[in-house]
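One line per chain: the protein sequences are A and B, in this order. Heads up: the first sequence is residues 53 to 686, going by the working numbering. Heads up: the second sequence is residues 88 to 377, going by the working numbering.
Treat the hints as calculated values from the structure; they're not laboratory data. Do not rely on the hints blindly, as some may be mistaken.
Stated by the list, open to error - To give an idea of the interface, some chain B residues facing chain A are shown, with a C-beta separation under 10 Å as derived from the structure:
hint, residue
1, PRO136
2, THR195
3, ALA222
4, GLN259
5, TRP377
None of these values were measured; they are calculated from a predicted model. All C-beta atoms in this analysis are idealised placements derived from N, C-alpha and C, irrespective of residue type, glycine included.
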Amino acid sequence: MAQAITLRLITRQAGGGEIIRTRHIEGAEAMIGRAPDCDVYLPDLAVDRQHAMLRVTAENRVTIESLTGQPFTADGKSTLKVDLDVLRAPVVTFGSYDLALSEGGEGDIAVTVKRREGDHAPTVGVFSLKAAMFSRRRMAWTLGLAIVALCLILPLAGAGLLKHSRIHPDQQWSSGPLSKAHQFLEKDCQACHQQAFVSVRDEACLACHKTTATPEATLRLNASLKARGSPFIPRLIDDHAVHDRLARGTPLPPSLGGKATALIGRAFNHPNDRCASCHLEHTKPAGPIAEADRPQRPTLVITNDCATCHAKLKMRLGDTTLIDTPDWGHHPAFRPTVTLAAGPHPQFERIALTARPQERSGLIFSHRQHLDPGGGVARMSLQLGAAKGYGGALACASCHHPKPGGAQWAPIQMARDCGACHSLAFASGGGEGRLLPHGDVGKVMETLQAYYGGRSVSTPPAAPAQTGRRLPGDFRPQGVAPRAPSGGAASGVFRAAFSPGGACYGCHTISWGGDGPMGVEVAPVHLAARFMPRGAFDHSVPAHGGQTLGGAACNDCHKASASDHAADVMLPDIGKCASCHGQPKAKVAAAGSAECTECHSYHHPGKATPNGQDRLFEAIFGGTAGPARGMPGA
Amino acid sequence: MAEVKRQTQRRRRSTHESFLRYRSFLFLKIATVAGLAMSAAYFFQDARPRPSGGSPLGYFLGTLGAMLIVWLALLGWRKRAVSDSYYSLKAWVSAHVYLGLSLIVIATLHTGFQFGWNVHTLAYALMLLVIASGAVGVWAYVVLPNALSENRGETTRKQMLADIASLDEMIQEAAQPFPRDTAAIVRLSLETTEIGGGFWRRLSGRYPDCPTTLALRQLEPLGHAVSRDQAKALGEVQGLLERKVAALALARRQIHITALLEVWLFVHVPATFALLAALTAHIASVFLYW
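Okay, chain B solo, but in the shape it has when bound:
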């Protein structure tokens, strides 16, 4: 029995190799060697009056960095192109991560540690922003998918929505005997509850003024002040609202984790385009005013 379990584990390990561990950290090794080699070249060069993008090594690092940036940006195209050739997507992502990180060394050495309020430093800053957001993305992709599947368990996202929708229908029906004021409280939940909400709610996962919770709270004191058949309806609605609160919480946790998983891309992708534009301006301006 133990033997079988061990075999299963081994198989899982061999088939599920993350992009970080791809081919025993092949691209991490390449990036490290490249970074060390460039640093050594930087410190042993004889650049006068001081190292800069205009020295021979500076031009080399700049060319290498620009080519890397363009290639890294091509991941956006590669991931859409369903293909068996051009190496696996996993290989691309692995290289994208490690070579992208090596850009910190390459581009910083290219600057010769000279920064200012100009288009050149703009390109450098945007590159760092892209890399930083990408690092967040790596963290998210390593940590969050587990949390995501743990949260939803066996429930699909469609089921979560269907649960909430059917609860809404049941609440609507159960609340029919309510007079206008009480009905208005129930309508709060039915009509104004947002499952996801805005950016900050999704990112924080906090919904302090959720209308469904609010409705539940407002219905509480009414228990004594209604007729008998209304009291029955009230109890029913309260029960349903509580179920809706739970269903919302599950969906919102899913949304929160998804937001953490996706938020970096909203920086990474636009910043990449901005970087490509700034890089173009940087290179063009350098040679326009050579």
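Just chain A, with the same shape it has in the complex:
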């Protein structure tokens, strides 16, 4: 006889606990379904009304077969028919009911029916948006930590470890683009930001901008910067003053807020006397900007203007030699560098124009005489004629020639600028005059001796009688027969040249008790190239003019036609500059700026403002400043 089936129904109570009801099913079959008359009644809509038949087939073996073609689950697998070993305690599932098969207590087969707990009933939590969303807290931490990682830790690591990689995560820290001059450093933040939490130091700037010791060093610097991608030659600079003196000479700003800002800046190691205090980068509005909008060089913001320090500099820096200059209106008088003594070791001194300095050039010269339209010079010029560049009263340009560019004047050259009238010819031969060499007394004698046969002087020539100037070719050596190969001839001509009326005598101061040939000593000559080598006066500026440029005439500033002596320093007073500089345009057409930097350079103290703008590998600071003459500290 087949085994009987014992049905055990377990119902969970609402208040907890279970109710177990047991029923015996006689026979070897049991109908499983939702219909109330089924042997195993499972009131679940997922179960068909007569879903499956359970049959006992052998000792502890049953089959369960779907009657409707609807599957059920046996030991986790969906199936239509299954053969089960009761001893292995299989579990069959219909809808939400689990049927656990096991060996019954009395040799029968026990089917334990238990309803699985459905999904937990929704709680009031379902009303909150939290039920459908991510956890705010988790999202908050995720976002926060992601930003810290991407925007802080990654760039930090990039700055340290990935310095040479192609990506530069610290670029996201840049508040704006660099100027064109420094654009090549855009991916190398640490070129300037060298130390964490320390504002950009001057050393970073001076690594490229410090004036080099030698031209070779300059070339090396330029080459290395070119290799790094810089399109420009760096502007090399000198300290405006020793840093300590600069710091002492700089007062706190006048306003309370300014003082507070300066002191707070100092306290936080962010002083305002750094290069980067005035030369600002990253200042352009950030974001994608047209390449053309990129500024050429760092934005200049002057934290202290010149007058801030130079108004009462002596008060703060007692030992300074600089004269206080509170403003343009109180600019001290020009102090040209005048020659005190010419010679192989000339001496110079800066003397205020107001003290009427005398230029001891060693020459004898009268501008008045040369410019007199009714004088002998004018008559001679007429004789020379227009074909030779003369033809009337002399003008400044008859003798003074500008340097290329016109900013300054070429040094006077005797042969070119004086020689048309002041002939150095001493003999004629083959139609060509013989010229005495200029500038060396010894060579004069050698030339004469070579010409006259080099014999010793026996008979001194008659005292020279000629007093007038000679035209070129108008050779009349006094008291000496032409080409007379006499031993005394050379000496005679020599003596005549250095005696009153001689070729050298009118312009040079001559003494006869010296070490030269025949005791002749010519006072050393030093012609001023620039009286104010620290200024940047540019004669080529149209308003500065010069005769050729249609601006001011020479005589407007230089009162040459009233000067009788070579020693006169014919510089105009600063008031002359002020007649244009600092004037309103409405009043003076040629009005110009009265900024200090119009003439003075901050970064090259004692030198002129460097002219020209950024140079694409051209010469650096070439040509604007004249030869420094005896400048203290130059």
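With chain A's structure known, arrange chain B on it following the hints.
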């Protein structure tokens, strides 16, 4: 009678002062004065080459803004700390709202109107996002609680759920006579109906393919094709399903309004953390590369 009513109104008005009106808009006044003062300082400053976070006023505004942001973020801590000290929570919320809005002025002036693809503008953008979401929150807290209580009337949320659950049980029972196909339709409603659903459903309040509505619609044509006792069950189930649709609609309106009330916080809180992180990166980077 009218006198009594007037007194009641007066009392209600005096006891129920919203956080917006706290102490006659005290913090609105403070925020306005601060905003105007900062704007005046901004336009009268002599910042060269141009105003920025690096000018003296820029540093001041930045410090003030950063301190404000940290303090505003502390509301999250304050609202959890049940305390009588540290001023009332209402005072905190009132200050949080108005001083938070004043940050728009303070932080914008701090930027000097310079923006770019960098960590600094990231922090600024996140701050605006936090403020914007907070503004939505203010609107929600002013408008929605009324709508919420009007919707539910005297029914609690628990009751709404219990109604739906008991309807489900009744439907389950009533549908027992159904054959499999019909039962399957009923199971749609019982097993797949979501009360709340996902984010967009909650926010829109629209459930176009609600399985319960669907089941009701599918049961409709079956009325003629069933036996008599099944027809009785069918009628019963349909009635129950209709009641369930109504119960769901009530609960879902509640959920919809709740979603509108809460959605800003899902931006406000994470964005605040993101802002604090970006602010840290902003400040650290500025001083790292000073």
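Worksheet entry | Evaluation of the interface hint that places B/TRP377 against chain A, nearest CB under 10 Å | holds, 4 Å
Worksheet entry | Per-residue hint verdict: B/GLN259, partner chain A, C-beta under 10 Å | B/GLN259 check passes; min Cβ-Cβ to chain A is 6 Å, inside 10 Å.
Worksheet entry | Hint status (Cβ of B/PRO136 to nearest Cβ of chain A, threshold 10 Å) | With a minimum Cβ separation of about 5 Å from chain A (threshold 10 Å), the hint on B/PRO136 holds.
Discussion item. Does the closest beta carbon of chain A sit nearer than 10 Å to the beta carbon of B/ALA222?
Written reply: violated, 18 Å
Worksheet item: With 10 Å as the cut and Cβ atoms as the points, is B/THR195 at the interface with chain A?
Response: Result: violated, 14 Å to nearest chain A Cβ.
Hint compliance for this structure: hints 2 and 3 are not met, and every other hint is.
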